[in-house]
Each structure stands twice: as structure tokens, then as C-alpha cells.
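Chain residues, written in single-letter form:
Number of protein chains: 2
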Amino acid sequence: MDTTERTVRKNYLYKGKIVNLRCDDAELPNGAPCKREIVEHPGGAAVLCVEDGKVVLVRQYRYAYGEELLEIPAGKLDPDEDPAVAARRELEEETGLVADLVPLTVLYPTPGYSNEKIYIYQAKNVRKGVRHPDQDEFLDVIPMPIEEAIARIKSGAIRDAKTIAALLLYEQN
Amino acid sequence: MDTTERTVRKNYLYKGKIVNLRCDDAELPNGAPCKREIVEHPGGAAVLCVEDGKVVLVRQYRYAYGEELLEIPAGKLDPDEDPAVAARRELEEETGLVADLVPLTVLYPTPGYSNEKIYIYQAKNVRKGVRHPDQDEFLDVIPMPIEEAIARIKSGAIRDAKTIAALLLYEQN
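First to last, the sequence lines map onto chains A and B. Everything in the first sequence is counted per the numbering used here, starting at 698 for the first residue and increasing by one. Everything in the second sequence is counted per the numbering used here, starting at 698 for the first residue and increasing by one.
Since the hints were derived computationally from the structure, they do not count as laboratory data. Please note that a few of the clues may not be correct.
Any copy will do: because identical chains look the same in the list, a pair fits if it lies in one copy or spans two.
[To be verified] Think about it this way: if two alpha-carbon atoms lie no more than 35 Å apart in a straight line, the pair counts; the simulated DSBU-like pairs of lysine-lysine are:
no., residue 1, residue 2
1, Lys714, Lys773
2, Lys751, Lys814
3, Lys814, Lys707
4, Lys751, Lys712
5, Lys851, Lys751
6, Lys707, Lys751
7, Lys712, Lys821
8, Lys851, Lys732
9, Lys707, Lys821
10, Lys712, Lys825
11, Lys825, Lys732
12, Lys825, Lys851
13, Lys707, Lys825
14, Lys773, Lys825
15, Lys707, Lys773
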């Protein structure tokens, strides 16, 4: 069965700094017309960095939720940027660490309405670089024992999808 | 350190069927003004249903990615809907299964720009109900051996965040 939904027309409603918004005219596999609200996002890169049994997390206020979250270091790709380059940049900016990066997985966080992909890397051969967070980033670096991070995932205290996926994948290996 | 970003004014740019979009005037903890692009989403509910060593997945075309994805059954909450009610509805609509639902975790898929929360439940005492997918849903139900699903997560073939989080959490227990 062909399940492809065909784009009839892309209609941009907003072009912003982080996201664009479209409401496309599309066609279902049976030819019926439909609308598709799509959030365009350039994609993200994130790094799972484990050293001496501790995972490097950052604690950061997230305006969308009105909460501080614990997450692995991550950031948005620049247009057409190699995700590994973005991952390396975000790791050093946020934590002051430099590392070799090995692809861990690609995460699709919200398939219902966004095209964002999060490229997750695992840090190897970690060494000290220079921390220089963006001027509008207020974040704390928290090295947390892996067992504690896993316990916080199981208890629901760590809720960020990329952090959960990265840590539990790491635990599988 | 207080890291709270204060809302100065919520500015709605779009109110849609699936998402709303705002670009708020806000203030950083140091008082500096900033803009925050926020995708409002009512939240989602998803169900991890494992029976006889098989996890119930649905294969569905996702317009945002232009790909078919394998995911656990899930759907959007109606306004102010109890997530457990939505989870039960989506499970039966998409798979024809009825079950008792136990909360597994709450997932924050994209903290950078969306307020979506995905409430994930685990199905217990599973029995047959009546399958009735939405008219614009074309999906296949795929019962997949757990080991195969885990292998597909590790190989990167299963990429949906809620599905990865739910299955790997299940494996932890």
C-alpha cells in the first residue's frame, strides 16, 4: 500500500529565528485533500559524554515549559551545518569539553508536526577546552553518576527525550 | 541562581488545528530583553503494549519527514483531556486493543521551542476492542518481537523518540 501524502502546495505562515511554520495543502493516499501544519526546524545536535562513570548534564531554564531541565549538551544546527560540527561546538561552548565524536543515533522527537532531527553523538577521548556559553544561555554543568541519572529517568525526574534516549542506549551497549 | 525567564508579552502569530505559534517578548534572568519562539501543543498520549514478547507498533507515513515511521500507538490530547483517556482512545482506534493503563513516564520531546508533553503508559491486561482509525489515518499495526525492536533502535532504524524511550525504559525494568 502506498501511504505517501503528496504536497500540493507549501504555504509559509512564518519564518523565524528558530522555526518556520507552514500549513501545506496536501493529498492523502486516497487522493482526498488535507492540511498539514508543519514546524520546520534546522535540526539539532547533542552529545552524550561519560567520564569516570559520570554523565555530563546541563541544567537550563526552558521557557517553553517554564521549568529547569537536566539535559545532555545540545544545540541547534546552523543552516546546512554538519551535525558533528554543531555537536562539537555545543559541547565545548556549554561544558568546556572537547572530544572525538562517534554517532550514537538520530532521534525524531515529534513526528506529528515537526521535521526536526536530533543527531546524537557519543564523546570519546574527552579533554578540556574553553567554556564560552552564548550570552543568553544561563546554564550549570552537572556531572552526574550514571546510576543516578538512570534512576532519575526511571523516576520521571529526567524527562528530556534526547537525554533519555542517549543514556538508555548507552546502557544497552 | 534564579534562571527564570520572565514573560513580558505573549504574542500569538498563529492558532491552528495541531499547533499555535507565539513569539513572546521575554526577559532573561539578568533583565535583558529576549524573544522566544514557542510552539504550543496540547500534548500527546502514547501506549507501550507488550504481549507474548511482542510490542505493538504502528507503521505510518509522517508528512513532516516524508517517511514511514514505526511508532508505538499515540495521539494528540483534546483540549484539557485526561492523558489516560486519550491514550486509551488512541490505542483502541489505531490497534483495536483495549487495556488497563499504568503511567510509564512523561517525555519532553523538544524543550527548545515547544511545550509538548507526551504521557506514556504501559498497557496491562490487554484484550480485543474495536479498531476504527481516523479517516485520514492510514496505518498498519505491526506486532514486533521485543528483541527485534531493540535491535532496530540500536541500528537506528527506529528513530521515534517516544518509542525509543518507552521500549528502553521497559527493558530497564
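Q) At most 35 Å between C-alpha atoms: does Lys814 with Lys707 qualify within a copy, between copies, both, or neither? A) Both, since 20 Å and 27 Å are each at most 35 Å.
Q | Alpha-carbon proximity context of Lys707 and Lys773, limit 35 Å | A | both (23 Å within a copy, 23 Å between copies)
Q: State whether the alpha carbon distance between Lys707 and Lys825 is at most 35 Å within one copy, between copies, both, or neither.
A: Close neither inside one copy (46 Å) nor across copies (40 Å); limit 35 Å.
**Q.** Up to 35 Å CA-CA - Lys825 versus Lys773, copy category
**A.** within (22 Å within a copy, 44 Å between copies)
(Q) My question is about Lys714 and Lys773: at a cut-off of 35 Å on alpha-carbon distance, are they close within one copy, between copies, both, or neither? (A) both (11 Å within a copy, 26 Å between copies)
Q) Is it within a copy, between copies, both, or neither that the alpha carbon of Lys707 lies no farther than 35 Å from that of Lys751? A) Result: close neither inside a copy nor across copies, 46 Å intra and 39 Å inter.
**Q.** Identical-chain pair category, Lys712 with Lys825, by Cα at 35 Å
**A.** neither (38 Å within a copy, 46 Å between copies)
Q. Between Lys751 and Lys814, at a C-alpha cutoff of 35 Å, which is it: within one copy, between copies, both, or neither?
A. both (26 Å within a copy, 27 Å between copies)
Q) Quick one: Lys707 to Lys821, C-alpha cut-off 35 Å, is that within a copy, between copies, both, or neither? A) neither (42 Å within a copy, 42 Å between copies)
Q. Taking 35 Å as the upper bound on the Cα-Cα distance, should Lys851 and Lys751 be classified as within, between, both, or neither?
A. Close inside one copy (17 Å) and across copies (22 Å); limit 35 Å.
Q | Intra/inter-copy verdict for Lys825 and Lys851 if alpha-carbon distance must be at most 35 Å | A | both (31 Å within a copy, 30 Å between copies)
Q.
Treating 35 Å as the Cα threshold, decide for Lys851 and Lys732: within, between, both or neither.
A. Between copies, since 34 Å is at most 35 Å while 38 Å is not.
Figure legend: structure checked against the earlier numbered hints; hints not met, in rising order: 4, 6, 7, 9, 10 and 13.
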